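Whole structure, please, built from the sequences with the hints as guidance.
Protein chains: 2
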Amino acid sequence: MADSILNRDEPHHFGAGPAKLPSDVLKQAALDLVNYQGVGLGLGEIGHRTETAINVINDTKKNFKELLNVPDTHEVFFLQGGGTTGFSSVAYNLVANYAKKHDGKKAKLAYAVTGSWSDKAAKEASRLGFDVDVVVDTKEGGYSNIPSYSDWKPIDADSTAYLYVCDNETVNGTEFKEVPDKSYLPENVELVADMSSDILSKKVDVSKYGLIYGGAQKNVGLAGLTIYIIKKSLLEQPTDKEMASYGLPIVPIALHFPSAVKANSTYNTIPIFTCHIMGLVTKKLLDNGGIDAIEKQNNEKAALLYKTLEKYPGFYNIRVANPAVRSNMNVVFTLNSDDVQKRFLSEASEKKLTGLAGHRSVGGIRASLYNAVSLESVKLLVDFINQFAEKNQ
Amino acid sequence: MADSILNRDEPHHFGAGPAKLPSDVLKQAALDLVNYQGVGLGLGEIGHRTETAINVINDTKKNFKELLNVPDTHEVFFLQGGGTTGFSSVAYNLVANYAKKHDGKKAKLAYAVTGSWSDKAAKEASRLGFDVDVVVDTKEGGYSNIPSYSDWKPIDADSTAYLYVCDNETVNGTEFKEVPDKSYLPENVELVADMSSDILSKKVDVSKYGLIYGGAQKNVGLAGLTIYIIKKSLLEQPTDKEMASYGLPIVPIALHFPSAVKANSTYNTIPIFTCHIMGLVTKKLLDNGGIDAIEKQNNEKAALLYKTLEKYPGFYNIRVANPAVRSNMNVVFTLNSDDVQKRFLSEASEKKLTGLAGHRSVGGIRASLYNAVSLESVKLLVDFINQFAEKNQ
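Top to bottom, those sequences are chains P and E. Each residue of the first sequence is one higher than the one before, counting from 1 in UniProt numbering. Each residue of the second sequence is one higher than the one before, counting from 1 in UniProt numbering.
Please keep in mind that the hints were generated in silico from the structure rather than gathered at the bench. Fair warning: this is a prediction, and the values are worked out from it, not measured in the lab. Note that CB positions come from ideal geometry on N, CA and C, so glycine has one too. Hints may be right or wrong, so weigh each one.
Said to hold, decoys possible - Coverage of chain P stretches by chain E, computed from C-beta distances (three or more under 8 Å per stretch; other residues unrestricted):
id, stretch
1, 9 to 23
2, 79 to 85
3, 247 to 258
4, 265 to 274
So, in C-alpha cells, the structure goes:
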C-alpha cells in the first residue's frame with residue numbers, strides 16, 4: 001500500500017457517527033470496491049447469491065461471533081437498515097414470538113427510557129400498537145443518569161416479553177456498565193439491548209441477552225447494515241394466519257427475523273460491500289488481540305479524557321455526573337457559555353481535532369471515542385483540553 | 001487516474017444484479033471512500049446531518065430528477081433497503097393515504113402478477129392483511145408473456161387505491177413497454193411501478209405514475225438504497241390514532257414515507273456512500289447525453305442480442321416469445337439441453353463473458369444488459385453466440 005492515491009492525512013476525528021474507520025480497512029475496501037480478489041469486478045457488482053458473496057457473509061459472521069464469543073444458543077444475522085429499523089423490528093418479532101409461546105397472548109413490553117434513542121424505541125413500540133410499560137424514564141433529569149435497578153418500576157413477570165435498554169446513549173453520554181441481575185429482571189423476561197454505538201467496544205456476556213442489535217455505522221462499518229444476535233428460541237413465530245387471528249400486526253417481510261435467518265441474511269438483498277467492510281473491521285480486531293485488547297484501550301481512552309475534564313470543575317461540566325454510568329464511547333460535556341464553546345470548537349479544529357460539536361438537541365461538546373479513534377488522538381485532545389482550560393479559566 | 005492500483009482488467013459481465021457499474025465511477029468512489037474532498041476522511045465516516053452529507057443527498061436527487069424529468073407534482077426520496085422493503089412499504093403507505101382521502105375506507109389493491117417479483121409483492125400485500133385483487137397472473141405460462149390490458153380483469157374504480165406493476169421482471173425477462181391508458185386504468189386509481197431493474201434505463205413519463213420505486217443495485221449503484229418518486233398528494237396520511245381507529249396497520253417508522261420526506265431522506269441514517277455512488281452514476285449519465293442517449297444505447301444492445309438469437313430458432317429459445325414485451329434489461333433464453341447450456345457458459349467464461357447463468361428458478365441463460373454494460377461487450381457476446389451456434393447446431 002505504498003501507492004499514494006489511497007493515502008490520507010487524516011484529522012483526529014471524534015464524530016458521533018457515521019464515524020471514523022481504520023484507514024487500512026478503508027484502503028483495502030477501496031481496492032475491493034473496484035477489483036475484488038483479482039476478478040476484475042468490485043465486490044458490490046457481484047450477485048448476492050454467488051459463492052463469493054456467501055463467503056463474505058459467512059466470514060463476517062464468523063469473525064463477529066468469535067469476537068463476542070457468541071454461544072451456540074444464539075444466532076447472528078444481518079438486516080438492511082439502522083437503529084430505527086432495528087427497534088421497530090425488535091418489537092414486531094418478539095411480540096410474535098411471545099404470542100407463539102403463550103397461545104396468542106399479547107405481550108407487555110418493558111422499556112427503560114434513559115436517553116433519546118431508547119425514548120424513540122419505546123415510542124415506536126407504542127405507536128405500532130404494542131402494550132409498552134416504561135419502567136424508568138430519566139427525561140426530567142435530561143437523561144444524564146441511569147438510576148439503579150432498585151429504583152426502577154418492577155417488571156410484570158406474568159405478561160412481559162422483554163426489557164429493552166439502549167446500552168449506550170450516543171446523544172446523552174450514558175452507558176450501562178452492568179446487566180440487570182435476577183433481583184430485578186425476572187428469569188422469563190428477555191433482555192434486549194440496542195448496542196448500536198458500543199457494539200464490539202467491550203466484552204459482552206451474550207448468554208444473558210435474548211437479543212442484541214446494532215447499526216454498523218459507529219464501531220463496525222458504514223451505515224446501511226444492522227447486526228442482530230438472537231437467542232434461537234426467540235425465532236419461533238406463529239403463522240401469519242395465527243397472527244391475524246390473535247389480532248397482532250404482521251411483521252413486514254423485510255424485517256422478519258426467521259426469514260432473514262433462513263436466507264442467511266440475503267432475503268432482502270444484503271449490502272454486501274458494507275458487510276465486507278464489517279468483515280475487514282472484525283478481522284483487524286481479531287488480529288489485534290480481540291475484544292479484550294480493544295476494551296482495554298477503550299477504557300484507557302475514556303478514563304484519560306474524563307480524568308482530564310475533572311481537573312477543571314466549573315470550567316468543563318461533564319454532563320453525566322455519576323462516573324458509574326458514563327459512556328466510554330461518547331463523552332459529553334459543556335463549557336460555560338456558547339461563545340467559549342464556539343471558541344473551543346474552532347481552536348480544536350485548527351489542531352485537526354474535529355467532529356466535536358454536541359448533538360443539536362443537547363448542545364455542548366461531544367467527543368466520541370469509538371474503536372477507530374486512537375489513544376494518540378485522545379492524548380492530543382487531552383493536551384488541547386488542558387491548554388484551553390489553562391488559558392481561559 | 002493513471003495510477004495503477006485502481007485500474008482493473010474487467011470481464012464482460014452480464015450479471016443480473018447486484019450488477020456491473022462504470023469503472024470510472026467505482027474508481028472515484030474508491031478515492032472518496034478513503035478521502036472525500038481532501039478532508040482526510042472518507043464519505044462514509046462523515047455525519048449524515050453535516051453539510052457535506054446533505055450536499056451529496058441533494059446533488060444526487062437533483063441529478064436523478066433532471067434525468068427523469070420529474071415534475072414538481074412529484075417528490076423524490078430515498079430509503080434504506082431493496083425491492084422487498086419497497087413493495088412492503090408501498091402497500092402500507094398508500095393504503096394509509098387512501099384511508100385519509102376516503103374517511104378511513106380500506107382500499108382494494110390491484111396487482112398485475114407478471115413474474116416472480118410482482119408475485120412476491122402481491123403476496124406480501126396480502127400477507128400484511130390488505131385486500132389484494134390480482135388483475136392478471138401469468139404464472140401458468142411461466143411468466144413468459146404480458147397479455148394486453150383488454151384481457152386483464154377490470155379494476156374496481158370505486159375501491160381501488162392503485163394498480164401495481166413490476167415494470168421489468170428480472171428473473172423472467174418481460175418488460176412493460178407501454179403504460180396502461182385510460183381505457184384500462186380508471187383515472188382515480190394510481191399507477192405504481194417497481195422499476196428496480198430498469199430505472200434510468202429509459203425515458204419514463206413520471207406524471208402518469210402515482211409512485212415509482214427501485215432498488216439501486218442494478219443500473220444505479222450498490223445494494224442498500226431504494227429510490228422513490230411519489231406524487232405529493234399521496235404523502236398525506238391519517239394520524240396514528242386515526243389509523244388505529246380505522247383498523248389499519250401502522251406504517252413502521254423506518255418505512256414511513258412522510259417521515260422520510262420530511263427528514264430529507266435521513267430519518268433512518270442514510271447509507272451516504274451508496275447515495276454518493278448513485279450521485280456519480282447519475283452525473284455520468286447526464287454528462288453523456290442524459291436519458292435519451294442511454295435509452296438509445298439500451299435499445300440498440302437489446303435489439304442486437306435478440307436479433308442474433310432469432311437467427312438460430314430451435315437452437316436458442318428466447319423465453320419471451322412476444323417481442324412487444326421482451327425486456328431490454330434481462331434477455332433470457334435456453335438451449336436444448338443442460339449439457340449444451342453448461343458448455344455455453346463455460347466457453348463464454350473462457351472469453352471473459354461472465355454472469356450469464358439464468359436465475360435458479362428458471363435455469364437457462366440470462367444476459368443482463370444494464371446501463372453499465374457496453375455495446376462493445378454485447379457485440380462480443382453476439383460474436384460468441386454466433387460461433388457457438390454454428391459449431392453446435
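Exercise. Tell me, which hint numbers fail for this structure?
Worked result: none
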